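Line by line, the protein sequences give chains A and B. Quick note: the first sequence uses this note's numbering, first residue 1, plus one each step. Quick note: the second sequence uses this note's numbering, first residue 1, plus one each step.
Where hints are given, some of them may not hold.
It does not matter which identical chain is meant; a pair holds if it fits inside one copy or across any two.
To be verified - Derived DSS-like pairs: lysine-lysine, alpha-carbon spacing no greater than 27 angstroms straight-line: (1) 23 to 91; (2) 48 to 654; (3) 654 to 589; (4) 526 to 23.
Quick caveat, the hints were computed from the structure, so don't treat them as lab data. A quick note: this is a predicted structure, and the numbers were derived from the prediction, not measured.
Protein chains: 2
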Amino acid sequence: MTAIKHSAMANAIRALSMDAIQKANSGHPGMPMGMADVATVLFTKFMKFDPSKPEWPDRDRFVLSAGHGSMLLYSILHLTGYKDMSLAQIKNFRQFGSKTAGHPEYGHAAGIETTTGPLGQGLANAVGMALAERMAAARHGKQLVDHHTYVIAGDGCLMEGISHEAISLAGHLGLGKLIVLFDDNQISIDGPTDLTVSDDQLRRFQASGWDTQSVDGHDPAAVEKAIAAAQKTDTPSLIACRTVIGYGAPTKAGSAATHGAPLGDAEIAGAREKLGWDAKPFVIPKDILKAWRDAGKRGEKPRKAWETRLKKKSVDARREFKEFLDADLPQDFDKIVASYKKKLSKDAPKIATRAASQKALEVLTAAVPAMVGGSADLTGSNLTQTGIMPPVTAKDASGRYIYYGVREHGMAAAMNGIALHGGFIPYGGTFLVFTDYCRPSIRLSALMEQRVIYVMTHDSIGLGEDGPTHQPVEHVAALRAIPNVTVLRPCDAVETTEAWQIALENTTGPSVLALSRQGLPTLRTKHSARNLSAKGGYVLQEAEVGPRQVTLMATGSEVELAVNARAMLEKKKIGTAVVSMPSMELFAKQPAKYRDSVLGDGTVRVAVEAGIRQCWDQWLCPDGGFVGMDSFGASAPANELYEHFGITADAVTKQAMSILKARAKRGK
Amino acid sequence: MTAIKHSAMANAIRALSMDAIQKANSGHPGMPMGMADVATVLFTKFMKFDPSKPEWPDRDRFVLSAGHGSMLLYSILHLTGYKDMSLAQIKNFRQFGSKTAGHPEYGHAAGIETTTGPLGQGLANAVGMALAERMAAARHGKQLVDHHTYVIAGDGCLMEGISHEAISLAGHLGLGKLIVLFDDNQISIDGPTDLTVSDDQLRRFQASGWDTQSVDGHDPAAVEKAIAAAQKTDTPSLIACRTVIGYGAPTKAGSAATHGAPLGDAEIAGAREKLGWDAKPFVIPKDILKAWRDAGKRGEKPRKAWETRLKKKSVDARREFKEFLDADLPQDFDKIVASYKKKLSKDAPKIATRAASQKALEVLTAAVPAMVGGSADLTGSNLTQTGIMPPVTAKDASGRYIYYGVREHGMAAAMNGIALHGGFIPYGGTFLVFTDYCRPSIRLSALMEQRVIYVMTHDSIGLGEDGPTHQPVEHVAALRAIPNVTVLRPCDAVETTEAWQIALENTTGPSVLALSRQGLPTLRTKHSARNLSAKGGYVLQEAEVGPRQVTLMATGSEVELAVNARAMLEKKKIGTAVVSMPSMELFAKQPAKYRDSVLGDGTVRVAVEAGIRQCWDQWLCPDGGFVGMDSFGASAPANELYEHFGITADAVTKQAMSILKARAKRGK
């Protein structure tokens, strides 16, 4: 391709971007215009992809970590011929219902590999994708798995703390097929980057074991040479591309003004002149479009060759590969779970739910090969590793356990990347209190509807002496608040197993398992093959001494307290039921009839949870009672804390009695 | 001091640590034992402090970022003679009510400069403290302000993403009096660090402009030389101290086993032998204790000299300095605020609350010199800078505005450090959705009861096209969930001003201001000198056409919707009140009588907020209605989103009518 041709192709990106943003009167033109040359080289010379088969498993992955530059991605998807990305979509940029959201949204259009926008996330997703590629290649061989992961990231992404975790992890794991193109334009929102940052990025990446290069981002030959060199290294690669933000804008190029606002008609007209682009808005000259479409067709041949290689594999190998891609649960999954639950109900162990989780994992990881686990340096505490899970290392990616290091946020974002890549069901652990560190990624798991499982242990004051900085008080409530996150707080080994089943079957979103540090008795001694936790809440023990007058609701470690309180109340001849509510989201989804029958219409309701009241009001009637926390915890042995904060069976009983009394007084 | 003496002094730390942890049967002995030599050198040769005057403003600050090693700090405080830290406290390590919590808690004992535990936080606090020192020195001169900030951080702190933000910011701002001692023991919880990380830490710090050294952490002369050299540089300094974790433990030293569990009696006995320490548990030999107490007395002379220098200053300068330390609001603060509110009620501007916030800041920053502001690269969006706030730079720290860069988490933690240092009231901004990035630090602001103000703009789907990754839906609820955080979501310019007053007067905790991107009409056209928002909720408009039948509750941008719905209902002759509830926490604190009068006993209640329902149930009766969000947002212009998600005055009106109808049916 001649030099002119390249610039024309790059300008097609620039034109579409500035025009779409102008039409929407909203958007970020600077980055697409600045990185158009780099992106053109990447997609016309290197990216292995086939717009006619966007789901081709062995395609290269492209992540736009600087998600605000979404028009860059949309332009490329349109130009290379993705059917989803029609001109109409481009014209409807940032409008309701379009596939072209302000920031790229996974699931909206083929070719969008992950949802970005919140800075640094995409880069960390890409680490997960590159890791998944290596794990997949170790299992199925290079003939079937051999693709790169490319990222475009900006100054913002690289200032974010999560970038450190991502870079460090990638370097440690030697993810040699990860290539990051850094939009080195020295501009951020507040102005020139030297207002806020002086980091030597190349040195920083080198410190984490990456190879680095710096090129003129507007010199396609140099960019091409750099990417080719990066492909050859067995370390992850950084290519800093020195660019001019808003390249082509006659007066605004190089300034923060182009970062996040439409250029304006005058500037756009000036850009057309400066770039030598005279086509009308949204019109791509035939020959330039053809050149782009041809670039998109480059992938057809390698894709067909790959399909041929797959076809030539044995029947078994093909089946295995398909099963790998599907990451389905085994046919007899229900049976496996039920059988294990039956044993638990019989053995009735007293066991912390974090330990029960590990035991369940022994069964599940054996039954579900797609599961890959890990922990952010708390393996021995989270109990996330099982006997059949050797670690994944830089030398050997055939394992199933990832030591993520003290990188909760990087871990969560990498897990998103692993899930998005396909072929794996990732789960990872830390302390529940540290969900605060990775919350942005948990939110994205939910937004992207990815099956990522968060194993969050040490879930309350029950952890004891580590004190208030480590004791969750509001975390379960705060996680319940995120749309599409299923929070499960099981009360014993049986519910823990059910929680895992729910999480594994939840193919449209993440699940958080909140597990205890301390030992808990098995309450589900009566075996039920059905997954009772799947209804979110159910009657664990019905009233016996008479019609139900009181309904006690609890989750996790406090269900035991409710059971004890029930015993006290029943002794006083007050018919009392205990409702275990391992998941409020699931309970809320049940038909009202079911919920009412569980909650007991007209009964006195008291909830108990070693956390805040915030989410309980929806289940408590006006005179409902709550026993829980309304402050931070404290550093002391767990039993003393439960006493001190008044979270006891006694307190629950007292509340119930007090409400009954008040009702009697009112003549109810 | 002879070499023997040093090791004896260091062993005093080791002994107290291992014995206290053993007694508590809980704790982390490895780090205190590993860093005892370094800490001894630091506190006996360099740290400028006076245990008899722990609040001496010009003391050096010591931050134990690796907070799990709390016994290191407690040992030193006891040995150097802090009255708070008696032997009884040491013996009561991790017991209820002791000052010696599992992780150091600010406010529990003198000498604890910040609460740590969650990794990386302390390091980032220290950046704030060092920055505060420079800003204070720029204002009051080196004679009064000249102290260092020392940090002990471990591998965990340095793996955390927040460490990158902290290091990068410190390097950029040239915080030359910040010295980080890295406990380079190559062990983390899951095992040797090479399981998870391969970073060249020194190179990494160099990339951010720090000077670096690496020393044998058990060679006091080398450590001393390194600290002395670090003090001379005008860049922040890293000293990597190669140590053996659990140094002295005969079989467990150097292994992860010493990280987070008591050593056990046998190992402790072995350590006593190996270290040559034969004193009984909690007994410090007289001569060694005296050496430590003498070290503690080192600070008396410089402290007295400082007091003399202060006394010699002019009356004005002394008053200024005292006012600086107190960081009080001016005497006529109420008047200033009321006067400004009066003008607003008269002018009744239509203005986004983020812009109203900026205008209020123009008034407030002029009246309150202690305020220092900033933003995480969103100055033009958060509108946090005023005309009298020049930036703080590496060359000139006399300014009042900090460009934090894309470092939300580092910013929040630094603000904690600035507040803890004293002399300043820090506020900083980002998008509300990115509170998720800095949540751990917000939580610590609350736990430490620090006056840190979070200016969080773009607070709902009202921000429009940037889409669901940027649109808060659950964030206000999630922030309300954190104990001691005051969340304020003002409805107009007047409430915004009141919110600022509340935040500035809140000396015992952080406040979050949730502000709109879009313009909002002034609803408080009737001036009130009193701060109505301070009650958390109040009747904005009472029923007029008859007795109140319906109570509409709302916050922020939705109060306007409620007002419009009220108009529709009143037109139907249904007496309707509008309650503005800018802060649920403050409302919850009011006497029940007030709250009931505001909420209208027996009235139909409908709440409207462009967020989730989770925290509203406490104010809604069983048949209460809610208009809001129960999913993520979408990318489109704001007005279309409000329509699409059904958050309209119409919807509110319909709900109210429907409930009234249902009640009529029930014969209520």
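So, going through the hints one by one against the coordinates:
no.	hint	verdict
1	23 to 91	within (7 angstroms within a copy, 70 angstroms between copies)
2	48 to 654	neither (67 angstroms within a copy, 54 angstroms between copies)
3	654 to 589	between (31 angstroms within a copy, 24 angstroms between copies)
4	526 to 23	neither (64 angstroms within a copy, 41 angstroms between copies)
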